[in-house]
Amino acid sequence: METYYNKADLASFGDIGKDAPELAGKFFDYYGAVFAEGALTEREKALIALAVAHAVQCPYCIDSYTTACLEKGSNLEEMTEALHVVTAIRGGASLVHGIQMRKIAEKLSL
Amino acid sequence: MNTCDFKKELERHNLQLTRAETTALQVNIGLACDLACRHCHLEAGPARTEMMDEETVSAVIQCARRLPFNTIDITGGAPELLPFLPHMIESLAPLAPHLIVRTNLVSLARPESKLLPELYRHHKVIISASLPATNASQTESQRGSGVWATSLSMLKELNRIGYGVEGSGLQLDLISNPAGAFLPAGQAQTERRYRQDLQRRHGIVFTNLYTFANVPLGRFRAWLEQSGNLDSYLKKLSGSFNSCTVAGLMCRSQISVDWNGFLYDCDFNLAAGLHHGERRIHISELKQLPACGTAVPVGDHCYACTAGSGFT
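Line by line, the protein sequences are chains B and F. Residue numbers for the first sequence, in full-length UniProt numbering: 1 to 110. Residue numbers for the second sequence, in full-length UniProt numbering: 1 to 312.
The set of hints was computed from the structure by calculation and includes no laboratory data. Glycine included, each C-beta is placed from N, C-alpha and C at the ideal position. Do not take every clue at face value.
Straight-line C-alpha distance at most 25 Å; calculated DSS-like pairs for lysine-lysine [said to hold, decoys possible]:
#, chain 1, residue 1, chain 2, residue 2
1, F, 7, F, 236
2, B, 7, B, 45
3, F, 236, B, 7
4, F, 236, F, 8
5, B, 45, B, 26
6, B, 7, F, 156
7, F, 287, F, 236
8, F, 236, B, 45
9, F, 114, F, 156
Computed, partial: chain F to chain B, Cβ under 10 Å [unchecked claim]:
#, residue
10, 135
11, 185
12, 186
13, 194
14, 195
15, 284
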């Protein structure tokens with residue numbers, strides 16, 4: 001069945017540079033530098049990326065960073081905990097806006 | 001992908017896979033094992049009965065007496081299941097500077113193996129133990145239920161008699177293979193993590209950790225096929241080909257002997273049935289070390305040893 005998301009398309013990501021090579025070059029250089037070992041290990045960075053991939057709901061990123069996490073030595077327990085961190089922040093971000101709701105409602109109400 | 005692909009890969013890089021100076025003898029004592037690990041390239045397990053007989057054990061020892069090996073490496077199956085193992089250890093230990101015995105840890109924890117750790121300690125045998133992960137779920141998904149607790153308990157016992165303890169001179173190395181169709185993490189970072197996790201959570205120490213890719217042969221290949229991972233895994237391996245690994249591949253400096261006494265360039269070629277010198281040569285016929293420059297037969301499984309940092 002044809003879908004908008006095709007797993008094989010990920011391998012063509014580089015094609016995005018065809019009509020804007022300089023910008024793509026800068027992006028991919030930056031991307032590579034970000035994921036290199038630094039103050040954080042490559043494993044820790046892959047776990048962050050996996051969590052963010054779920055927050056932005058990118059199937060390509062979920063595929064890539066599930067594999068990357070396993071290949072960097074993480075296990076399913078750690079990967080699942082990372083998802084709960086992003087879920088807590090995402091849910092918390094909604095819930096904390098309830099304060100706005102309350103303030104507005106209190107102002108409008110008798 | 002077929003056998004020729006790896007040959008073509010070497011040709012593309014203007015490389016040849018030929019033997020260098022032989023420094024190591026690897027002895028595969030057979031396929032009997034008390035575990036049936038899902039990544040096993042030999043399909044070893046409790047139902048297998050192939051084991052080295054006394055005559056072949058004797059031929060191996062005689063070979064080690066007449067030829068100079070720097071390392072002798074005993075593997076299987078589970079070496080602990082071989083009744084002649086203590087005799088092999090006592091005979092081979094004086095013949096090479098380094099004698100390695102591989103273990104799945106569970107076989108070493110059997111009551112029948114009770115005397116082996118002390119025998120290893122006495123002869124300063126290097127213990128090379130499989131531990132794919134620092135958590136129970138990945139370890140047991142690869143090696144079977146109950147393996148995690150037994151492995152930890154055996155590692156603690158080996159630590160207790162000095163193995164892996166700095167300054168003891170008793171080497172305890174860990175071997176980690178990924179628990180699935182993905183490549184291993186970098187060795188240095190994985191070793192750091194193992195040291196931290198095993199010491200902090202379990203008080204276990206070790207000497208070195210080695211990470212290796214799973215080889216697409218035997219039970220692991222069957223799982224790759226059944227799970228629909230074979231093509232993508234082979235592509236991943238071939239896509240990670242690193243020409244720099246070829247010079248240091250173990251098949252160049254090691255000769256492997258199977259439980260029947262026949263020779264191969266490595267344990268993976270043994271599993272694939274690719275004989276050293278492309279013919280059946282018995283270890284009793286090995287009067288001198290294999291000639292440098294002899295071609296090493298290859299197959300698509302060879303990509304597992306040349307992926308990333310390689311398998312040396």
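Verification of the supplied hints:
Between the alpha carbons of residue 7 (chain F) and residue 236 (chain F) the distance comes to roughly 17 Å, so the proposed pair stays at or under 25 Å and holds. The straight-line distance between the Cα atoms of residue 7 (chain B) and residue 45 (chain B) is roughly 23 Å, inside the 25 Å bound, and the hint therefore holds. Proposed proximity of residue 236 (chain F) and residue 7 (chain B) is supported: the alpha carbons are some 15 Å apart, at most 25 Å. The straight-line distance between the Cα atoms of residue 236 (chain F) and residue 8 (chain F) is roughly 17 Å, inside the 25 Å bound, and the hint therefore holds.
With a C-alpha separation of about 20 Å, the suggested pair residue 45 (chain B) and residue 26 (chain B) falls inside the 25 Å cut-off, and the hint holds. Proximity of residue 7 (chain B) to residue 156 (chain F) is assessed by CA-CA distance (about 45 Å); at most 25 Å being required, the pair is judged violated. A threshold of 25 Å between alpha carbons decides the hint, and for residue 287 (chain F) with residue 236 (chain F) the separation of about 41 Å lies outside it, so the pair is violated. For the proposed pair residue 236 (chain F) and residue 45 (chain B), the alpha carbon gap of about 22 Å is at most 25 Å, so the pair holds.
Between the alpha carbons of residue 114 (chain F) and residue 156 (chain F) the distance comes to roughly 14 Å, so the proposed pair stays at or under 25 Å and holds. Among the interface hints, the one on residue 135 (chain F) holds; its C-beta lies about 5 Å from the nearest C-beta in chain B, closer than the 10 Å criterion. Nearest Cβ of chain B to the Cβ of residue 185 (chain F): about 4 Å, under the 10 Å cut. The hint holds. Given hint, residue 186 (chain F) at the interface with chain B, holds; its Cβ is 8 Å from that chain's nearest Cβ, closer than 10 Å.
With a cut of 10 Å, the hint placing residue 194 (chain F) at the interface with chain B holds, because the nearest CB-to-CB distance is about 9 Å. Against a cut-off of 10 Å between C-beta atoms, the interface hint on residue 195 (chain F) is violated, since the closest Cβ of chain B lies about 13 Å away. For residue 284 (chain F), the interface hint is violated, the least distance from its beta-carbon to any beta-carbon of chain B being 44 Å, above 10 Å.
Of the numbered hints given earlier, the model fails hints 6, 7, 14 and 15; all others are met.
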